[in-house]
Amino acid sequence: MNMNPTSKPLLLLGSLLLLAASTLPLQATTACVPREWDALLAFKRGITSDPLGLLTSWKEDDHDCCRWRGVTCSNLTGHVLRLHLNGGYDLDRFELVGLVGEISPQLLHLDHIEHLDLSINSLEGPSGQIPKFLGSMNSLRYLNLSSIPFTGTVPPQLGNLSNLRYLDLSDMEGGVHLTDISWLPRLGSLKFLNLTYIDLSAASDWPYVMNMIPSLRVLSLSFCRLQRANQSLTHFNLTKLEKLDLSMNYFDHPYASCWFWNLTILKFLDLSQNRLYDQLPIALGDMTSLRVLRISNNDLGSMAPNLLRNLCNLEVLDLDESLSGGNMTELFGSLPQCSSSKLSELKMSYNNINGSLPAGLFRQFPNLVTLDMSINLITGPLPVEIGMLDSLTYLNLRGNNLEGVITEEHFVSLKSLKYIDLSDNQLLKIVVDPGWLAPFTLEEARFASCQMGPRFPSLAPVVS
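Residue numbers for the sequence shown follow this note's numbering, so the first one is 1 and each next one is one higher.
Just so you know, the hints here were simulated from the structure itself, not pulled from any lab data.
There may be inaccurate statements among the hints.
Label-pair ranges, simulated between beta-carbon atoms [claimed, not checked]: (1) Asn138 x Asn75: 18 to 28 Å; (2) Pro214 x Thr179: 15 to 25 Å; (3) Arg363 x Asn138: 56 to 66 Å; (4) Pro126 x Pro439: 54 to 64 Å; (5) Gly360 x Glu95: 44 to 54 Å.
Dumping the calculated DSSO-like pairs for lysine-lysine here, alpha-carbon to alpha-carbon at most 27 Å [said to hold, decoys possible]: (6) Lys342 x Lys418; (7) Lys342 x Lys415; (8) Lys415 x Lys429; (9) Lys243 x Lys342; (10) Lys240 x Lys191; (11) Lys191 x Lys267; (12) Lys59 x Lys44; (13) Lys243 x Lys267; (14) Lys429 x Lys418.
As the structure is a computational prediction, the values presented were derived from the model and not from experiment.
Cβ coordinates follow ideal geometry from the N, Cα and C atoms, glycine included.
Make a model of the complete structure from these sequences and hints.
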C-alpha cells in the first residue's frame, strides 16, 4: 500500500499516543472495594465516642470510602492502603482526646493495608489487650498503637508481620509487659522500634535479641525497667542503628561496661537517669557521628580531659546532675573543640562546677540556643561575649556565685532571647539605662537576689 509522505509522521504520532495511554496508571473503576467499605463501617460501629469528629465523614450513604477522613486508597485498584486516625491530647486536663471503643477484627478484610495508625486513642476495648488478630495483617509496613491504654502482654503474633518497617507500641501506660521477645527478630525489615513504657524487666536477653535485627535504625527503650546493659556481645549486627534511647532504666553499673560503645554510627544516645557511674569510656570519643548525647542524672564523677573534643557534629549535650564537681576551665577543654561548632544546647546544671566562665565558651559555641549552668559554684564575671549569641533563647545561670556588673553590652545581639534566670547570684549587679530598647522580647525573667537599679527597663513579666 502506498502512503502519502505526510501520513507517516501522523501514523508515528498516533502510535506514540497509544503507547503513552497504555502506560498511564488506570484510575480505580470503583469508588471503594465493597468488602473494605463494610470493614471500615464495622470499625466505626465499634466506636462509642468520637470527640474530635475523626469519623464524621464515614457515612453509610457514601460508598466512596476513599474520600473518608484518614483513609487513603490505591488509585489503581481502589484498595485501602492507609488508615491514619491518631487522636490528640487535652493539655489542660492532661488526658487523651480521641476515639473511644475497640479495634474491630473486621479490619482483617483490609487485605492490602500497609499503614495503620490508631495512636493516642482509647481503643483498648472490653478486653484491654492488644488484639492478636493484628498479627494477621500481613501487608502492614507501618503500625502505630502508641498511647492506647492497653494492659497485659504484647502478643507474639505481631512477629508474623514480616513486612513491618515501623512499630510503635510506646506509652501504653495501662501496664503492658513483654517477657518473651524472641519473636522480634522475625521482623527482618524493621527499621523503627519504640517500646517506651513496656515492662521488659524479665527480658534479660534484650541486647542479644535487638542485635538480631540488623535493619534497625531507631531503638527506643525508655522507661522499660531494664535491669542492666552490661551484657557482652561478641559481634555487632546493628551497623545501621542511628538512635538509641535507653533513658529511665535501672542499670546501676559502670558506664564502661555497657555493650553499645562500638556503635560508632550512632547519632542519638540517651542514657539519662540510669544510675550509671564511673568514667565514660574513651570509645565515646570515637562516636563522631553523635548529634545528641544525654547522660543526665547519673554519677559520672568527673569528665576525662579531651574526651568530647572531636565530637564536631554534637548539637545537644545534656550533663545535668551527672558530675560531682570540676573546674570550669578544665571542663571547657573536654567539650568539642571544632572549627565550626554545631552545639545548640548545653546543659550542665547541679554539678558543683567551680571556677569562672571562660570567654572562649561563647566564641567556641556561637550557635547556642539553650544554655543551662544553674546551681553550680561558678564565680567571677559574666563575659560580655555572651552578648554575641544571636540564637540564644534560654539562659539559666541561677544559683551560682557570679559577680560584677551586667550592662547592655551583655545583651547586644541576643535578639532571640525568651527566658533568662540570673537569680540567687547575690554579688551580681545589673545596670542598664532605663530608656534602653532591648533587642529581644522576653516571656519570663528572674533576677531575685541580684542587685538592680536604681531604675530598670520593662523587659518582661519579672518573677521573683
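Cross-check of the supplied hints:
no. : hint                        : result
1   : Asn138 x Asn75: 18 to 28 Å  : holds, 22 Å
2   : Pro214 x Thr179: 15 to 25 Å : holds, 24 Å
3   : Arg363 x Asn138: 56 to 66 Å : holds, 57 Å
4   : Pro126 x Pro439: 54 to 64 Å : holds, 59 Å
5   : Gly360 x Glu95: 44 to 54 Å  : holds, 48 Å
6   : Lys342 x Lys418             : holds, 21 Å
7   : Lys342 x Lys415             : holds, 19 Å
8   : Lys415 x Lys429             : holds, 22 Å
9   : Lys243 x Lys342             : holds, 18 Å
10  : Lys240 x Lys191             : holds, 9 Å
11  : Lys191 x Lys267             : holds, 15 Å
12  : Lys59 x Lys44               : holds, 10 Å
13  : Lys243 x Lys267             : holds, 6 Å
14  : Lys429 x Lys418             : holds, 21 Å
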